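With the sequences and hints as input, model every part of the structure.
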Amino acid sequence: MIGLTDDDLQQLVSLQPLVKEQIMKIVDEFYEKVEKEPLLAQIIQQHSSIKRLKVTLQRHIFEMFNGIVDENYINMRRRIANMHVKIQLPTKWYLGAFQNLLISIMNVVEENVSDKEEIFIKMKAVTKIFNLEQQVVLEAYDDEIRRIQAEADKEKQILVDNVTNSSHNLAAISQDTQVSFHLLHQQSDYIVQVAQQGSELSTIAENRAELGSSQLEQQNENMVNIEIAVSKISKDIEILLGISKQMQGIVGMVTGIADQTNLLSLNAAIEAARAGQHGLGFSVVAGEVRKLSDETKKSVLEVSTLINSINSQMNLLNNSLADIRHSVKEGHQGMEQTKHHFTEILTTMNETMKQNNIIENEVSQFTKVLANIGNAFDEVAASADKLSAIASEIH
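Residue numbers (the working numbering): 1 to 395.
None of these hints come from the bench; they were simulated from the model.
These numbers were taken from a predicted model, which means no experiment stands behind them.
Among the hints, a few may not be true.
Simulated pairs of lysine-lysine, DSS-like, Cα-Cα distance not exceeding 25 Å [to be verified]:
(1) Lys154 <-> Lys86
(2) Lys86 <-> Lys54
(3) Lys128 <-> Lys33
(4) Lys154 <-> Lys232
Computed spacing ranges between beta-carbons, pair by pair [stated by the list, open to error]:
(5) Gln42 <-> Pro17: 50 to 56 Å
(6) Tyr190 <-> Thr343: 30 to 36 Å
(7) Ala172 <-> Asn372: 18 to 24 Å
(8) Ser49 <-> Val380: 47 to 53 Å
(9) Asp115 <-> Arg59: 39 to 45 Å
(10) Ser383 <-> Ser49: 46 to 52 Å
(11) Ala382 <-> Leu211: 56 to 62 Å
(12) Asn169 <-> Lys368: 28 to 34 Å
(13) Glu351 <-> Val380: 38 to 44 Å
(14) Val380 <-> Phe98: 51 to 57 Å
Note that the Cβ used here is the ideal one computed from N, Cα and C, for glycine as well.
Here is the structure:
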């Protein structure tokens with residue numbers, strides 16, 4: 001379309017000695033203008049150097065005036081365009097810099113060729129080769145940009161798909177997590193209830209333990225009173241046994257008197273019998289006295305038997321009281337041990353109540369944290385839905 005002919009190529013070859021002669025001037029003027037643009041200077045510093053690029057530009061210009069436009073020539077221009085795209089050189093800067101290069105060469109031609117018609121012919125050839133250069137480079141620019149755009153679109157699509165899948169997975173995970181969270185929240189509520197019930201039961205147990213301890217204290221006092229009463233009864237029995245012994249002595253004395261009376265009445269009867277008729281009345285009295293003595297002795301014997309029986313009963317009672325005293329003492333010791341156990345139970349109940357209160361407070365804090373987590377999960381689920389919607393819009 002640009003009409004580049006063999007004659008044009010020959011015109012370019014004819015200009016090659018002149019270009020070679022002025023090449024340093026052309027290249028220096030080109031990069032002098034390039035360096036005045038901060039963005040271009042920054043790109044050059046990042047990817048190469050002015051010195052290296054000057055050598056490359058000299059070779060590039062010589063190739064334009066070789067008079068050979070083949071596949072290698074075109075491919076070289078395409079590689080240059082690809083490099084420009086790679087270093088993110090804006091198209092406007094390429095076109096502007098290339099325009100400056102064209103003007104520099106046109107100035108060289110105009111300054112060194114005197115024939116105006118020849119200048120026109122040579123300028124036309126230079127313009128055509130530059131135009132071809134620009135077409136090839138810009139086409140390569142477009143191809144590379146389309147390729148990059150296609151890769152970007154592909155990567156964007158992959159990203160969108162990944163975001164969509166991830167958002168769906170995130171939504172599903174959020175829903176599952178919300179279910180687990182609600183179950184966990186219910187379980188924590190149940191733990192709080194159990195802790196509260198444990199505290200209530202501990203309070204009841206503590207009250208009952210205190211009541212039991214108080215009752216034990218009362219029973220202990222009763223045991224002490226019983227022990228005191230038993231001791232008093234034992235002392236009274238000892239006194240009664242002493243009195244009984246005294247009575248036994250009196251009975252013995254009465255029995256002796258009765259025996260003596262009986263003996264005296266017997267002697268009196270004997271003397272009355274010796275007296276004959278005169279001692280008859282005295283004999284009757286003596287007989288009555290002997291009968292009375294026998295009855296007294298019999299009664300004293302019965303009293304002695306009763307006293308012995310009473311002594312035996314009091315001894316048995318004293319033994320029973322000793323057993324009661326022993327049992328009371330053991331019961332007192334047992335109650336002291338039971339009281340000690342109740343004290344330990346009370347201490348344990350107090351510690352249990354403290355632990356239950358701690359558990360209740362910790363679980364309550366945990367429930368609050370769970371509530372915050374639940375809100376966060378709700379926000380995550382909402383964000384996942386929003387992300388999925390955005391991904392769908394991008395798609």
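Does Lys232 sit within 25 Å of Lys154, going by the straight-line distance between their CA atoms? Distance of about 112 Å is beyond 25 Å: violated.
Is it true that Val380 and Phe98 lie within 51 to 57 Å of each other by Cβ? Because 54 Å falls inside the window, the suggested range holds.
Okay, Ala382 versus Leu211 on CB: inside 56 to 62 Å? Since the Cβ atoms of Ala382 and Leu211 sit about 57 Å apart, the hinted range of 56 to 62 Å holds.
Please test the hint of 18 to 24 Å on the beta carbon pair from Ala172 and Asn372. Holds, at about 22 Å.
Are the Cα positions of Lys128 and Lys33 separated by 25 Å at most? Between Lys128 and Lys33 the Cα gap is close to 24 Å, so the pair holds against 25 Å.
Check the hint pairing Lys86 with Lys54 against an upper bound of 25 Å on the C-alpha distance. Distance ~20 Å between Lys86 and Lys54 Cα, so the pair holds.
Just to be sure I understand the hint, the distance between the Cβ atoms of Glu351 and Val380 should be within 38 to 44 Å; is that true here? holds (42 Å)
At the C-beta level, are Asn169 and Lys368 separated by a distance inside 28 to 34 Å? This hint holds: roughly 29 Å between Cβ atoms.
Per the hint of 46 to 52 Å, is the separation of the Cβ atoms of Ser383 and Ser49 within bounds? Check passed, 49 Å falls within 46 to 52 Å.
Is the hinted range of 39 to 45 Å satisfied by the C-beta distance from Asp115 to Arg59? With Cβ atoms ~30 Å apart, the hint is violated.
So does Gln42 sit 50 to 56 Å from Pro17, Cβ to Cβ? Violated - the Cβ-Cβ distance for Gln42 and Pro17, about 36 Å, lies outside 50 to 56 Å.
Hinted pair Lys154 and Lys86, Cα distance within 25 Å: holds (18 Å)
The structure fails hints 4, 5, 9 (numbered hints given earlier, in ascending order).
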